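Q: The sequence shown lines up with residues 3 to 992 when you count with the numbering used here.
Among these hints, one or two may not hold up.
[To be verified] Here are the computed lysine-lysine pairs in the BS3-like style, where the Cα-Cα straight-line distance is at most 27 Å:
#, residue 1, residue 2
1, 454, 591
2, 468, 480
3, 602, 528
4, 793, 989
5, 249, 480
6, 138, 12
7, 454, 468
8, 222, 73
9, 641, 673
10, 898, 962
11, 793, 249
12, 413, 443
13, 641, 411
14, 142, 468
15, 468, 644
16, 327, 18
17, 454, 327
18, 755, 222
19, 496, 249
20, 73, 12
21, 528, 468
22, 142, 231
By construction, these hints were calculated from the structure, which means they are not laboratory data.
These numbers come from a predicted model, not from an experiment.
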Amino acid sequence: MIQIIHSNVKGRARYKIDELYRSQSLKIYLERSLANYPEIISVAANVLTSNILIIFQPDVSYRKIAYFIDKALSGYKDKAGFTDVKTLVHPTKKDKLTLSKQEQKTENWYLMTADNVLQSLNTSHISGLSNETANKYLNKYGKNLLSATVKRSEISMLIEQFKSLPVALLGVAAGISIFTGGIIDAVVILGVVGLNATIGYITESQSERIINSLKNRSEKSTWAIRDNKLQEIPTENVVVGDILVLKPGSYIAADARIIEVDNLTIDESALTGESVPVSKNPTLLHGEDVPLADRLNMIYKGTLVINGQGLAAVVATGKFTEMGKIQQLVSEATTTQTPLAKQLDQVGSQLVFISMGLCGLVFGMGVLRGYNLLAMLQSSISLAVAAVPEGLPTIATTTLALGIRDMRKNKVIVRSLNAVEALGSVQTICLDKTGTLTENKMSVVEIVTDSKHIQVRDGEFITGEKIINPYTYNELLKLIHVAILCNESEVSKKNDADEYLVTGSATENALIYTAISAGVDVMALKEKYPLLQTNLRSENRNLMSTIHATHNCQQMVAVKGNPAEVLQLCHRWMKNGEVVPLIAEDRQKIEIENDRLAGKALRVLGVAYGYIEEVENNNNHESDLIWLGLVGMADPIRKGAKELIADFHQAGINTVMITGDQSPTAYAIAKELELNRHPQLEILDSNNLNNLTPEALAALSDKVDVFARISPSNKLQIVQALQTSGKVVSMTGDGINDAPALKAAQVGVAMGKEGTDVAREVADIVLEDDRLETMMIAVSRGRTIYNNIRKSVHFLLATNLSEIMVMTTATAVGIGEPLNAIQLLWLNLVTDIFPGLSLAMEAPEPDVLNQPPRNPNEPIIKNTDFGRIVFESAVISISTLAAYGYGIFKYGISPKASTLAFMTLTSGQLLHTISSRSEKHSIFSQEKLPPNPYLTTAVVGSFGIQILALAVPQLRSLLKIAPLNMVDTVVISGSALLPLLVNEGTKKIS
């Protein structure tokens, strides 16, 4: 069945083909067969999304392309699912390799019994594979390795520095200068291009090296059963059919079906986004489409064994694992050009047309006036070169590089120059919950005893508004003691210091840390009540109990687990410090409190204890217990996350939370963070999302605050849907499952400390210390950079246009050339780079984070700005022509008159830097702008260089300028100062 997903763009259409899902052979067949049609330019099929993207001739109907696809599908079915006839009859060496690597089965292993899985894989959980069979499989399927993420090479980073239209235009100008004999002009222009490339290359290569240094070391070996014995084998040599031996603290080497377990829990947060460790069991599942996070009888490559042990049969390795499929999504996700890059390219395009037009105009006027053809060609080319602001690429690159340097001081590593600016223009930030908004570790947040509700915050126990001491509250202290004793976490002290080292599951560690914050000596308590027996949870028993020796003849039973099950075992409870009977009314109150905590998406445990005379072999000791209370735990929100969300909203940025957690958990976290932008918090889970067309998702995405139970491909869909709706999107995340969306977003932000290598490798920005608050610094810096570059571009266009006006007017009137070619180039170098760069280093505006993000489609110089630019340029030009006219009147058309024009125009442009600092504030305003020492230095230094040109004979000779007297100096000063006063005085009027 073929479904047309998107066909709005001529020559481009996306189709959905159900049969394509997980069919690598059909993908290859379609891409090869469809490419044979002359109407089709390119074909890209995706076996995970079942989509096929086809680029074709614009005059061809998308319905005709659908006919071609249908015809290809019919041909594929006729060949019984083989890739194609040519490959089968005359396979090349490459084709043989491709076919052999595609033979791993893609069964729904979770829908098969463990015995059937072992039979299908020709293996045994007792003897495993033989080494001989394993070697055959290794040759057949390939090593258990993921394709490495393509890194940016040194040469590619260098080449990218030249990929912009302004730089290309400068290169063309240099070539023309060489062709016409202007060797010095060409050398200076190429020097500017080289400086720009050097700055960008050094900055980006430094960031790349820092990010690569954060890589985690993966485990090199794995324990497996082979030849009827336990062996430690290289992880890359694990094959389908191997029996993995699972132990706490080890990373899982491949996707596998659970065969046997003993209290096995797995941390799958990096893959699924589920914050709570998952208990695994070998039980057969039912239902055709069980979500990844609900496949309790499966384990996956790259996840971590938290507790317990077990055996599992490998069903997929390398690129066929779920992690491998995610990497395929990463490779297929395309990066999006940032707003600044688009704007600078647009400005460059405009300058190309302006330069060509000016060349033709000046050359034509000169020919009509009878000027020498060669002289006019050189003049018109010089004017075209003058129209190009040589400082534009350098200013943009240097400013962004300085932004990266500042961010690095705040432990924010920026991979590319444009990423800082792009974050400043972001309109929607997609926030991964687990490990980004939350700490990805469990923490006790609430305790309920007989009649008290105790909040636990930052190590303090609070009831109402009062902080209580657990040692003055018997019920609370007893509950904490029992939770420590009924606990498998190992506790030690670091180097005889007061700091504890706790190793165990996230849930049990949370109980230990709560006790430590209460002032309990955990190790001393465990020594006081030695452990005699442990009774772990089982498939039909959701509680744990431990038995401990006491100072008297009795033995104490400590119990924690599912509140309903623990409560059934209790007949008494502690109330007001005394043990009293537990009546029906009391039970009802406890059940209500349990429901209340569960409704807040907390993980709730019931805690109880009792005494027995001796240890029994059965579970009769778990009876006649004394109820202590409820403990509510959650993955705690990162410190400052709520304030950060408020800051984003204040800055006009929409926030969207994306998580693999269930809807109730996601809803509770979102409410606590005050994530909603609408009166009602809007939440959408994957079941509803998967039923939406891309168009419907794009329309709906801007209205949803929370996406729950989301898969990696769903995250990619959400980011792309927001982009389709016209948003500039940032994605934050730390897990493998975030990588495709991180790459597709305009700005991907990864965690550097706790994040995965895959996430860091594709992200544009890495938070080295995982502090999400630094994103606001990046947003502020990004917005300021854009505003400052906009000021610089405004300044460059205004000053360069003044040169064009002066030259064009003089040629049209027939009063000679006010400036020669080398003077034009000198003028641009003196007035463009350093003054323009100083504007780009202006301090942030006070209200930069109180403004909404700019429209990404809005040009860097808006149509309304051009009128102001023309006015400013005209004032500078008129003043310069007036000084030139005075020179002609006094000295005739001579180097002296040209010197007057040259010095006036240079001085006027340098003073115009002051006027370009703000569109609203003038030097006459009562509210003054913050000082900019860089601008002062740039203007004074540039004036100094200009004076050197007059004072040094060699420079005077090169520039063809003449000495000046006092009257000439007064004329130049007045003509240069007048435009500043006029332009500043008209700001309020404009």
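Q: Going through the numbered hints above, which ones does this structure break? Give me the numbers in ascending order.
A: Hints 3, 5, 6, 8, 11, 14, 17, 21 are the ones this structure does not satisfy, whereas the remaining hints hold.
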